[in-house]
Amino acid sequence: MMRLPPGQRTRVTCTVNGQAHSGFAESRTLLSDFLRHELHLYGTHVGCEHGVCGACTVVLDGRLARSCATLAVQAEGAEITTVEGLAADEGLEPLRQAFSRHGALQCGFCTPGILASASHFLAARPDPTEAEVRDMLSGHLCRCTGYEGMVRAILEVARETTEGANQ
Amino acid sequence: MEIEVRPGLIGARVQRLEDPRLLTGHGTYVDDLQLPGTLHLAFRRSDHGHARIIAIDTEEAAAMPGVAAVVTAADIADGVKPYRATSRMPDYHPTTLPVLAADKVRYVGEPVVAVLAENRYLAEDAAEQVAIDYDPLPTVIDPEAAAQPGAPVLHEEIGSNVILSRSFSRGDVEAALAGAPVRVAGRFRMHRKTPAAMENRAYLADYDQGRRALTLYSSTQVPGIVRDSLAEILDIPGNRLRVIAPDVGGGFGGKTPLYGEEVLVCHLARKLGRPVKWCADRLEDLTTTSQAFDEIVEAELACDGDGTILGLRAEVIGDIGAYSIYPYTAALEPVQVISFLPGPYRVPSYHGAVKGVATSKALTGAYRGVGRPISTFAMERLVDMAARELSLDPLEMRRRNMVRAEEFPYKTPVGLVWDRAGFMECLDGAAAAADYDGLRAEQARARADGRWFGIGLASYAELTGLGSRISAAPGMPVNTGTETASIRIDATGAVTAAFGIASHGQGLETTLAQVVAEELGVRVEDVEVVHGDSDAVAHSTGTYASRSTILAGGAATLSARALRQQVVEAAAHLLEAAQADIEVADGAIRVAGTDRAMSFPELAKAVFVEMGRLPRELREQVDLQVTKTYDPYFGTTAPATHLAVVEIDPETYRVAIRRYVVAEDCGRIINPMIADGQVHGGVAQGIGAALYEEVVYDDEGQILTASLVDYLVPTAAEIPEMEVLHLEIETEANIGGFRGLGEGGTIGAPAALANAVTDALAPLGIDIDELPVTPDRLFRLIREANKDEN
Chain A
1 MMRLPPGQRT RVTCTVNGQA HSGFAESRTL LSDFLRHELH LYGTHVGCEH GVCGACTVVL
61 DGRLARSCAT LAVQAEGAEI TTVEGLAADE GLEPLRQAFS RHGALQCGFC TPGILASASH
121 FLAARPDPTE AEVRDMLSGH LCRCTGYEGM VRAILEVARE TTEGANQ
Chain B
1 MEIEVRPGLI GARVQRLEDP RLLTGHGTYV DDLQLPGTLH LAFRRSDHGH ARIIAIDTEE
61 AAAMPGVAAV VTAADIADGV KPYRATSRMP DYHPTTLPVL AADKVRYVGE PVVAVLAENR
121 YLAEDAAEQV AIDYDPLPTV IDPEAAAQPG APVLHEEIGS NVILSRSFSR GDVEAALAGA
181 PVRVAGRFRM HRKTPAAMEN RAYLADYDQG RRALTLYSST QVPGIVRDSL AEILDIPGNR
241 LRVIAPDVGG GFGGKTPLYG EEVLVCHLAR KLGRPVKWCA DRLEDLTTTS QAFDEIVEAE
301 LACDGDGTIL GLRAEVIGDI GAYSIYPYTA ALEPVQVISF LPGPYRVPSY HGAVKGVATS
361 KALTGAYRGV GRPISTFAME RLVDMAAREL SLDPLEMRRR NMVRAEEFPY KTPVGLVWDR
421 AGFMECLDGA AAAADYDGLR AEQARARADG RWFGIGLASY AELTGLGSRI SAAPGMPVNT
481 GTETASIRID ATGAVTAAFG IASHGQGLET TLAQVVAEEL GVRVEDVEVV HGDSDAVAHS
541 TGTYASRSTI LAGGAATLSA RALRQQVVEA AAHLLEAAQA DIEVADGAIR VAGTDRAMSF
601 PELAKAVFVE MGRLPRELRE QVDLQVTKTY DPYFGTTAPA THLAVVEIDP ETYRVAIRRY
661 VVAEDCGRII NPMIADGQVH GGVAQGIGAA LYEEVVYDDE GQILTASLVD YLVPTAAEIP
721 EMEVLHLEIE TEANIGGFRG LGEGGTIGAP AALANAVTDA LAPLGIDIDE LPVTPDRLFR
781 LIREANKDEN
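Going line by line, the protein sequences match chains A and B. Taking the working numbering, the leading residue of the first sequence gets 1, the next gets one more, and so forth. Taking the working numbering, the leading residue of the second sequence gets 1, the next gets one more, and so forth.
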């Protein structure tokens, strides 16, 4: 294992949204800060720095991760998807449209993390119950919407996708 | 038969214009803005609730890597004028607000030393090395003790912690109480909340040395107030000072004050000639963003034998925190509590008195609902208690006392006037939507099975969209009663509508575009709404107090109508038709009944470029830009009734919300999806206030809820699906016929839930008089009740 003295920066190379990226990080640099300030991907938001609010959620090697509770150096060689990567995924357009139609966002600050969790969740659970959707969303805090629009949007996308697959 | 050629844009469920950027990570919040050479600010904050500063040693911090400056109060005295929230209110004592504490600290989290460094990590490293020597002083935590003579005093120059007192009276309440057949009284306590917007506060100041001009990017709700305040504090004229609120991640009132950090980034950017950025972390947010809902209400209600209210008396203590918040003053919330305590009822005699008491805690300020969640909680509990004494159903008790349609305009005991609004319609609407009688039958069955099942009602009315006659805060020397819209069609034919308000999640880019599009005759997506920029119009304040739809919507209506008239005048000349025959719709200009038409770009070219097409006199009148200011003068009444059905788990004491119904009168709706969202979000915050959220300070003034692990913002697992009934009752109180709906959800929910939980526990005789009613509080109440029984 490499040891870094305090204050020393090292190069971190990873694949973000399908493209190779590299930047510098100290051993203490948070992945959220690395994404934002080294790679200039400002779509990932930081709401609490404690892994509670979920705004900073990204997909890290196929699993959801709180980028504020992950060190940048842990992402060496990893594959990461942020909201910018999700935005390029046309397969997620129905989810975005459903969010917009159902009022699932207001200020939009928590939205990038919720899109990461919701799309990851739907891929694993294409036909969820409302209770399962609420359980998944309970890993995120939204102060604006009361969550109802998100629940409806996710259930609607699941229903349409499942019906489409059955036809 | 009338054929509608085009569905009305006002009232349409239009998808928000904001959404595409916010759903793809392309929103721009303050922390997303990058300016070369930016220095990052971190603070060393007070870790004492009350202490004298003996000495500050910054030497070691200043020598740390990457540090550009370490700044104390003494260092900024030359460039920052002291400021304080003044008021015309008698019996109010302003407190000077230090940007950095000089002699004393008065709450944990108060900024003492600022460190500027090349990045935030280095700035925090250095801030840790600052050494501050304190002489601790006795803290002032309990507001009732703090109000007593002899209590330690936070502000020596005032000589008392009671920094404001106010009362309202109508009629002889003592006589009404003395002779009343039924009297109920209670002591109601709402514990302190914090707005907890998901985006923490963030500021970036950029000083242009060539122009000697300052731009502040701020996550504020009120760029106009910030601009006007900074102009005075920093002595910069408004034409060289611009405040921009880009995308803002929620506010809920917490981003309405001017904060010391805002002043400081501006001062330091000017002094050092480099951009300066500060973004709060969540710890800083929870310790220093304005908090709210911290009142104790002792109140007594007197009724006749048939339930008719005879009188109401209340003594209120507001815990205002360490300083009087700028510019609203600490009177904002406490005075609102006694202003709205009588609720939507006929209250013939009233006496309400309030004291605002300074304590060693974060400042209080505006939070969604301001005071009315507390007043509604107290009054609606009293109404239910009186109904119980009289063996009347709570619904019937409300019907007998609510202001009836024929009684509008109704002057409340404090002199506010309720204009025609659907008070009774909301009450009946909520009861019908919930199948109230059916619910009572279900409750009877549940009780027979020994289940704790309760139904709670809460009715209230608020004044929204305040005009210039009524200040948003008592006696505040800031005009909050007007808004300006500046709409123009430029030389390319594109429409830009500029406003002083600042949308921070409410979807005002969309709703105001709907208003402009409808009035001007263009498509919604053709209207570019500019907001959150102090340069947009000459004067504005911002978005708060359920005002922006009414005020900015009114200004949009006036400006768009005048602009449409210009379009008609120019087009009549160009198309050689009578003005009455010109139709403007969907961005096309037509002569009715003919195929003669022109587009906005063609019109704009004729007006601005192709000189000679319009006579010179006409061009002087038609410049395709209109700025109008709207003043609704008074306010617009917005009532609602909330109905909550709860069941309490006898094992965990969790309060599960089985149903939640809101019937509210919001006047004419611009966008039903956005209206629903305002209610849903407001109710969710009200549920948090009722069941989960509480800012806790210990006796030393240490805050125990300094992370979102400890301060419980409700999640999707706690917030139920809601049934929302919008009653669109016409109003002439403002030009658009709108009623404000931003805050109502938070006003009704705590009371409805307190009544529902009380109703559920009626077999045990438990009254809920303290919120939040957490499982821990319920456990203790139920244990006490069982003890009494045994």
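Treat the hints loosely; a few may be bogus.
Cβ pair distances, simulated, as ranges [claimed, not checked]:
hint, chain 1, residue 1, chain 2, residue 2, range
1, A, 94, B, 21, 32 to 38 Å
2, A, 166, B, 786, 51 to 57 Å
3, B, 65, A, 124, 41 to 47 Å
4, A, 2, B, 37, 28 to 34 Å
5, A, 79, B, 37, 48 to 54 Å
6, A, 61, B, 21, 48 to 54 Å
7, B, 594, A, 94, 40 to 46 Å
8, B, 765, A, 165, 16 to 22 Å
9, A, 94, B, 623, 42 to 48 Å
10, B, 586, A, 93, 22 to 28 Å
11, A, 15, B, 707, 49 to 55 Å
12, B, 65, A, 19, 29 to 35 Å
13, A, 94, B, 569, 42 to 48 Å
14, A, 129, B, 124, 26 to 32 Å
What the hints contain is simulated information worked out from the structure, not anything from laboratory work. These figures come from a predicted structure and were not determined experimentally. Where a beta carbon is used, it is the ideal one built from N, C-alpha and C, also for glycine.
Here is how each hint holds up against the structure:
1. Hint check: residue 94/A to residue 21/B, Cβ distance near 18 Å, so the stated range 32 to 38 Å is violated.
2. At about 54 Å, the CB distance of residue 166/A to residue 786/B agrees with the hint of 51 to 57 Å.
3. Between residue 65/B and residue 124/A the Cβ separation comes to about 45 Å, which falls inside the hinted range of 41 to 47 Å.
4. Look at residue 2/A against residue 37/B: about 32 Å separates their beta carbons, and that is inside 28 to 34 Å.
5. Look at residue 79/A against residue 37/B: about 34 Å separates their beta carbons, and that is not inside 48 to 54 Å.
6. Our hint of 48 to 54 Å for residue 61/A and residue 21/B is violated, since their Cβ atoms are close to 28 Å apart.
7. In this structure the supplied range 40 to 46 Å holds for residue 594/B paired with residue 94/A, their Cβ-Cβ distance being about 44 Å.
8. At roughly 56 Å, the beta carbons of residue 765/B and residue 165/A sit outside the given window of 16 to 22 Å.
9. In this structure, residue 94/A and residue 623/B meet the distance hint of 42 to 48 Å, their C-beta atoms being roughly 45 Å apart.
10. With their beta carbons about 26 Å apart, residue 586/B and residue 93/A fall inside the hinted range of 22 to 28 Å.
11. The hint said 49 to 55 Å for the Cβ distance between residue 15/A and residue 707/B, and at roughly 33 Å that hint is violated.
12. Take residue 65/B and residue 19/A: their Cβ atoms lie about 32 Å apart, and the range 29 to 35 Å holds.
13. The given range of 42 to 48 Å is respected by residue 94/A and residue 569/B, whose C-beta atoms sit roughly 47 Å from each other.
14. Look at residue 129/A against residue 124/B: about 44 Å separates their beta carbons, and that is not inside 26 to 32 Å.
When held up to the earlier numbered hints, the structure conflicts with 1, 5, 6, 8, 11 and 14 and fits the remainder.
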